[in-house]
Amino acid sequence: MPEHTFRLNGEQVTVDVADDVRLLWVLRDVLGVTGPKYGCGINVCKACTSHLNGKAVNPCAIPVKNLKPSDEVTTIEGLPATVGADLHPMQQAWLDQDVAQCGYCQPGQIMAAVALVRKVAEESREITDADLDTIRNVCRCGTYFRIRQAIKAGAEKM
Amino acid sequence: MIEPLSWVVAQVRGQAEGDGAERRFAYMTGAERSAPAEPGGHVVGRRRFLGYVLAAPTLVAAAELGTAPPAEAGIPSPEPTELLDLNDVMTAAALPTSGLITVEVHTDGTVSFALPRAEVGQGITTSTAMLIAEELDVPLERIRVSLADARPELLFNQLTGASNTTVSTYHPIRVAAAVARGRLLRAAAIELGAAVTDLTLQAGVVTDLVGRSIGIGALAEKAASMTTQQVSVDLKPREKFTVIGTPRGRVDALAAVTGRKKFAMDLDVPDARPTMVCRPPTINGTVGSVANADEVRALPGVTDVAVISTGVAVRAETFGQCIDAVRALRIDWRPGTVEGESDESVLADLAAAEPPLGLPPLTPYVEEKFTFHFRGNSALEPNSAVADVRSDRAEIWASLKSPIVAKEAIAASLRLPPQSVTVHVTEGGGSFGRKLFFDAALEAAEASQKMGKPVKLMWHRADDCRQGRAHPMATSRVRIDYLGSTVLGYKQRHTSVATDLGHGLGEVFTALAAKLPVGDIGFSETFFQLSQSTPYEFGLSTRLLNETDKGFNTGSMRNVYSPDVTCARELMVDRLAARMGRDPYRFRHDFLHDDRSRAVLDKVADAGGWGRAMPAGTAQGIAFHSEYHSVSAALVEIDCRPETVNRPIRDGVAGPRVTKAVFAVDVGLAVNPRGLEAQMMGCVMDGIAQTLTSSLHLREGYFLEASWDNYFYTRQWNSPPELRIIVMPTTTGEPGGAGELGVAASMAAVACAYGRATGTMPTSFPINHGTLSFTPKPTVPPVPQSPTDGLDHAY
Numbered sequence: 749m750p751e752h753t754f755r756l757n758g759e760q761v762t763v764d765v766a767d768d769v770r771l772l773w774v775l776r777d778v779l780g781v782t783g784p785k786y787g788c789g790i791n792v793c794k795a796c797t798s799h800l801n802g803k804a805v806n807p808c809a810i811p812v813k814n815l816k817p818s819d820e821v822t823t824i825e826g827l828p829a830t831v832g833a834d835l836h837p838m839q840q841a842w843l844d845q846d847v848a849q850c851g852y853c854q855p856g857q858i859m860a861a862v863a864l865v866r867k868v869a870e871e872s873r874e875i876t877d878a879d880l881d882t883i884r885n886v887c888r889c890g891t892y893f894r895i896r897q898a899i900k901a902g903a904e905k906m
Numbered sequence: 012m013i014e015p016l017s018w019v020v021a022q023v024r025g026q027a028e029g030d031g032a033e034r035r036f037a038y039m040t041g042a043e044r045s046a047p048a049e050p051g052g053h054v055v056g057r058r059r060f061l062g063y064v065l066a067a068p069t070l071v072a073a074a075e076l077g078t079a080p081p082a083e084a085g086i087p088s089p090e091p092t093e094l095l096d097l098n099d100v101m102t103a104a105a106l107p108t109s110g111l112i113t114v115e116v117h118t119d120g121t122v123s124f125a126l127p128r129a130e131v132g133q134g135i136t137t138s139t140a141m142l143i144a145e146e147l148d149v150p151l152e153r154i155r156v157s158l159a160d161a162r163p164e165l166l167f168n169q170l171t172g173a174s175n176t177t178v179s180t181y182h183p184i185r186v187a188a189a190v191a192r193g194r195l196l197r198a199a200a201i202e203l204g205a206a207v208t209d210l211t212l213q214a215g216v217v218t219d220l221v222g223r224s225i226g227i228g229a230l231a232e233k234a235a236s237m238t239t240q241q242v243s244v245d246l247k248p249r250e251k252f253t254v255i256g257t258p259r260g261r262v263d264a265l266a267a268v269t270g271r272k273k274f275a276m277d278l279d280v281p282d283a284r285p286t287m288v289c290r291p292p293t294i295n296g297t298v299g300s301v302a303n304a305d306e307v308r309a310l311p312g313v314t315d316v317a318v319i320s321t322g323v324a325v326r327a328e329t330f331g332q333c334i335d336a337v338r339a340l341r342i343d344w345r346p347g348t349v350e351g352e353s354d355e356s357v358l359a360d361l362a363a364a365e366p367p368l369g370l371p372p373l374t375p376y377v378e379e380k381f382t383f384h385f386r387g388n389s390a391l392e393p394n395s396a397v398a399d400v401r402s403d404r405a406e407i408w409a410s411l412k413s414p415i416v417a418k419e420a421i422a423a424s425l426r427l428p429p430q431s432v433t434v435h436v437t438e439g440g441g442s443f444g445r446k447l448f449f450d451a452a453l454e455a456a457e458a459s460q461k462m463g464k465p466v467k468l469m470w471h472r473a474d475d476c477r478q479g480r481a482h483p484m485a486t487s488r489v490r491i492d493y494l495g496s497t498v499l500g501y502k503q504r505h506t507s508v509a510t511d512l513g514h515g516l517g518e519v520f521t522a523l524a525a526k527l528p529v530g531d532i533g534f535s536e537t538f539f540q541l542s543q544s545t546p547y548e549f550g551l552s553t554r555l556l557n558e559t560d561k562g563f564n565t566g567s568m569r570n571v572y573s574p575d576v577t578c579a580r581e582l583m584v585d586r587l588a589a590r591m592g593r594d595p596y597r598f599r600h601d602f603l604h605d606d607r608s609r610a611v612l613d614k615v616a617d618a619g620g621w622g623r624a625m626p627a628g629t630a631q632g633i634a635f636h637s638e639y640h641s642v643s644a645a646l647v648e649i650d651c652r653p654e655t656v657n658r659p660i661r662d663g664v665a666g667p668r669v670t671k672a673v674f675a676v677d678v679g680l681a682v683n684p685r686g687l688e689a690q691m692m693g694c695v696m697d698g699i700a701q702t703l704t705s706s707l708h709l710r711e712g713y714f715l716e717a718s719w720d721n722y723f724y725t726r727q728w729n730s731p732p733e734l735r736i737i738v739m740p741t742t743t744g745e746p747g748g749a750g751e752l753g754v755a756a757s758m759a760a761v762a763c764a765y766g767r768a769t770g771t772m773p774t775s776f777p778i779n780h781g782t783l784s785f786t787p788k789p790t791v792p793p794v795p796q797s798p799t800d801g802l803d804h805a806y
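Keeping their order, the protein sequence lines are chains A and B.
Take the first sequence: its position 156, counted from the start at 1, is 904 in this note's numbering, and no numbers get skipped.
Take the second sequence: its position 529, counted from the start at 1, is 540 in this note's numbering, and no numbers get skipped.
Calculated directly from the structure, the hints in this document are not laboratory data.
Keep in mind the model is a prediction, meaning the values are calculated, not measured.
A virtual CB, placed ideally from N, CA and C, is assigned to each residue, including glycine.
It is possible that some hints are incorrect.
[To be verified] Derived pair list, reagent style SDA-like, types lysine to any residue, alpha-carbon separation capped at 25 angstroms: (1) K900/A - G260/B; (2) K561/B - T774/B; (3) K867/A - A805/B.
[Unchecked claim] Every beta carbon over 10 angstroms from chain B, so not counted as near; a handful from chain A, in silico: (4) E751; (5) T753; (6) Q760; (7) T762; (8) P817; (9) S818; (10) E820; (11) K905.
Modelling step: build the complete structure from the supplied sequences, incorporating the hints.
Put into structure tokens, the structure is as follows:
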């Protein structure tokens, strides 16, 4: 089988897996990194949201062959290290607001939130309700309101 | 007051002590229950209970789960829920079969408890830890609550449903913790050479009068018992609570936000490889023949292909390769159980099955029929289970709300004795009723047995939508007759595709059917009667359920019958109020049975600014619902103006926007107000979805929906930017049910607001069901391929 190499949460990893296997399964089934969740497999529910070179992506829609050796994949497990702390400010905001119910979608929600806040900051503006409305991540427990509050609070600490 | 009949008295196990009075709980009528209780108002005499210390190397304290015996038989009543509701039935069913639950104190100063319930997001591990922390005076963070494996000796005491967890465990868990506390104090007295009465236990440390102290970890072995003993304990009075009733964050929050929380598919069970099932194109179709099993078995990563009861299971190195294999299979399918059926044909069957309302009254009346389409109760975590089946034993891991029934069913399916099947209950990624069933666990066991290997079986999202459980389609006809300002009678006829209650609740009712005050009627009708009531002074009320069984995969979706029944009722209350020239809020206020109900209604009207001037095309709606010994009210504001309804949303439904929701809830006593608030927030989102956007469309024997972008559960763009949950102060002093409570009033309030904003009362739900807002995915192959353009959508 072909070898693929990329950076995962700060470390170079190499996997032996077919070219077209999506990154989600490489992470979960091959590497045992289970923070990114399966919720649809078609880039709709966003439960697997992770970062590629700092931007939000959905690993269920990325064949592993599309990754370059220098590509940095960050999952929820690696998010705190990006700020050199035990918890990223957005994770702390999630705790402060007690957002999670079942918790299944929350790693993806947090990764999406961090990317959204960064994007808005790059546009030199404050996050608005209209920005929050663009988040597509599904939460079947319906934690949407606390997610909105947590993102606003987390954005101030980022 | 119907005094003698209104008291369903339950005696706590054991004999009275202290003042000699019998210790009793009294389940009172709605009217009585509504009155603010005296401290300890449900208990006569001192709060003494019996528990156990078990023989063990470290301290293990125990109590019996289930403290109320069956209700008295033969109570005639037009309103059974006033005497006992579903929670009482479940609590009552528990007693004769109950086993022990145990609180264990460890030498590291932590305390552990295996909760015989499923945590699926409702926060019961947190509220349970709070009960123990309260009674034991140990910091919350030192309480470890895990989920118990299936324990057949508990029988119906291991069913998570009907918002019953806190109701049925509130006393037993505290009794066990109080027993542990007493033992720790006695052990400390010996260690410190002090009298027990001179000791205080605080924050996990026992201190004597001169300041010497010893931690509970150091006492864990000393407080242990060589023999099992029965002991009596006092429970802490409510006025001394410092944990119960205070807002606390979830005990699993850190695990959730760091990705460390483990769900079934995250477990590392040796050699359990990803497994998926190629499913039929129509509901419950079966495999005729497989044309290319060998070819698929040779695909990259694939290890096994096996025909199972529900389709063809494939096992591979990754789920991606399972998807490839499922898509590659060529199968000749046999028809399903609802072949050729569509929304229209089911509606026609429901119409034919509708129980008659009787002749129209001679007095004025309002009457309407409402339609509620199929809805999916998929959680975000799809149906999934790990199974390791060997020739002589099996081990299963899954989120299960009825693990004992699952264990027995799996054992029967595998032809193994039940004691050879171990069923572990994992943390669940949502349930909404779905995890009352164990469809994936049964399949995983079958696949593992046929393949002779451990499997990690997961349903694809498309499977979960199309072959998973659904909330049944239903119609509800309501007639209210009145004269002047008096309401003379309320009739509701609810006709529904059958709700599958075959997960254990049915057996509870079987056991108790003869004892219930509802006569000789079926399980579903019993459930219906016990969960529904008319909270208004509407004269003679009758509600009937009739079911059609069309071979659908159904189940109890969060709040079961209540959202639809309540939505229909509250809309008709609005119509009646309008007919009488009354304000919808004032009308409800004046007709509600009791002060406790009026308090939540008044609260939302006040906090939500009922009656404020609003632009054309926008409006407020208000609704009330009581169940599970709890009361709730919702006020919402909705924007139905064209610019809002038609705002562009990619691959989604915009529609009217609920711009504000205010929800007031009185559960009697909220163990964790912060958790209760979270549950009500979720209920509001469910209510919005059920009124405005979410349904399944049945065509030619299958549901068209196969994705979260087909099944429109509330998304951020549908959620109210302004949301306020108000947890009312303690009233009854006993916790009522909460996890499902808020859906009904929320759904109804959104519907009422929509009717007032548009000037047309909605009668078919969700309101957008008539418009198909997506292109249905193919049914063969049954699952879509994953996209490859993920890098193009980075942000």
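Tested hints:
Restraint check for K900/A and G260/B: the C-alpha separation of about 19 angstroms stays at or below 25 angstroms, so the hint holds. The straight-line distance between the Cα atoms of K561/B and T774/B is roughly 23 angstroms, inside the 25 angstroms bound, and the hint therefore holds. Proximity of K867/A to A805/B is assessed by CA-CA distance (about 11 angstroms); at most 25 angstroms being required, the pair is judged to hold. Distance check on E751/A: its Cβ is at least 15 angstroms (rounded) from any Cβ of chain B, clearing the 10 angstroms threshold; non-interface status holds.
No beta-carbon of chain B is positioned within 10 angstroms of the beta-carbon of T753/A; the least distance is around 17 angstroms. No Cβ of chain B comes within 10 angstroms of the Cβ of Q760/A; the nearest lies about 20 angstroms off, and the non-interface call holds. Every beta carbon of chain B lies more than 10 angstroms from that of T762/A, the smallest distance being close to 16 angstroms; the non-interface claim holds. Residue placement check: P817/A keeps its beta carbon more than 10 angstroms from all beta carbons of chain B (closest about 15 angstroms).
The Cβ of S818/A lies farther than 10 angstroms from every Cβ of chain B, with a closest approach of about 14 angstroms, so its non-interface assignment holds. Look at E820/A: its CB is around 12 angstroms from the nearest CB on chain B, clear of 10 angstroms, so calling it non-interface holds up. Separation of K905/A from chain B is adequate, the least Cβ-Cβ distance of about 14 angstroms exceeding the 10 angstroms criterion.
When held up to the earlier numbered hints, the structure conflicts with none and fits them all.
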